[in-house]
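Participant: As a plain string of letters, each chain reads:
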Amino acid sequence: MNNPKTIEVIVERTIPTSQGEAFDAWLNPKVPGTPWNMAEKLLLNPTVDGLFFWAIKGMPHYGRFLAVDRPGRIQHTWMSPNTSGLESIVTVTFKGKGKDTLMTLVHSGLPDTSGGQSHDKGWKFFLDGFQSQLAKSGAA
Amino acid sequence: MEQLTDVLGAISHPTRRAIIKRLATGPARFLDVAEPFDVALNAITKHLKLLERAGLIDRERRGREVFISLRPDGLRLVSEWVHEYERFWNRKLDEFEGHFKRQQRSKKR
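Respectively, the protein sequence lines represent chains A and B.
Counting with our numbering, you get residues 1 to 140 for the letters of the first sequence.
Counting with our numbering, you get residues 1 to 109 for the letters of the second sequence.
Where hints are given, some of them may not hold.
Claimed, not checked - In silico lysine to aspartate or glutamate, EDC-like type, Cα no more than 20 angstroms apart, as pairs: (1) Lys101/B x Asp112/A; (2) Lys95/A x Glu97/B; (3) Lys5/A x Glu95/B; (4) Lys107/B x Glu12/A; (5) Lys108/B x Glu21/A; (6) Lys97/A x Glu8/A; (7) Lys101/B x Glu87/A; (8) Lys30/A x Asp94/B; (9) Lys99/A x Glu84/B; (10) Lys30/A x Glu97/B; (11) Lys108/B x Glu12/A; (12) Lys30/A x Glu84/B; (13) Lys92/B x Asp49/A.
It should be emphasised that the hints constitute simulated quantities derived from the structure, not laboratory data.
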């Protein structure tokens, strides 16, 4: 593969709980919003070099944990049909912010599919109510 | 990039987004576009000018009437700009944050 163009996605939230609780919750499949929640099939071994597999709507996702440093950082690889064969990296950091936790998720090494099939989805998404996403991106 | 800035500015206002949604169903006359809004026609004209400047709408005279239609290619720039995974993770983290907010509210009761 000739050095495909990749991009990085950064998403940040302030979670109203302690750093340790947010960290533990992120690895708990029962907690809504974690990647593992709602999976039709799930294998999860959150230790360094441990693997995960989950599938939703028949779409498989695989990865390997690179770092599990409680309570500050989780890093794992992420492969799915959307990464077009690339091993992307997800890094989640948790920083104490008073009683809350600043959670930052960086998904790097993603193939830039904007020129491809995501167009149609993006278009539909806009018409279905793009407004909230734009607001989150600071564009509105 | 300049057009993307114009497009983002144009769709940053709820009235203009509502106009886009209306025009997504097909071309319309000025008064039909303005009808659902409880604002002066002058304000609708200004919104339309901004949408036109961003390349999102076209005006076409047919006889005595002017029809306004959507040019969706400009919106495509926005969908290119927001990556699929950005939407995925935003949704996930919203759910995650919501879970703790609900927990917090139930603790206060």
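Participant: When the hints from earlier in the document are held up against this structure, which numbers fail?
Facilitator: 1, 3, 4, 6, 7, 9, 11, 12, 13
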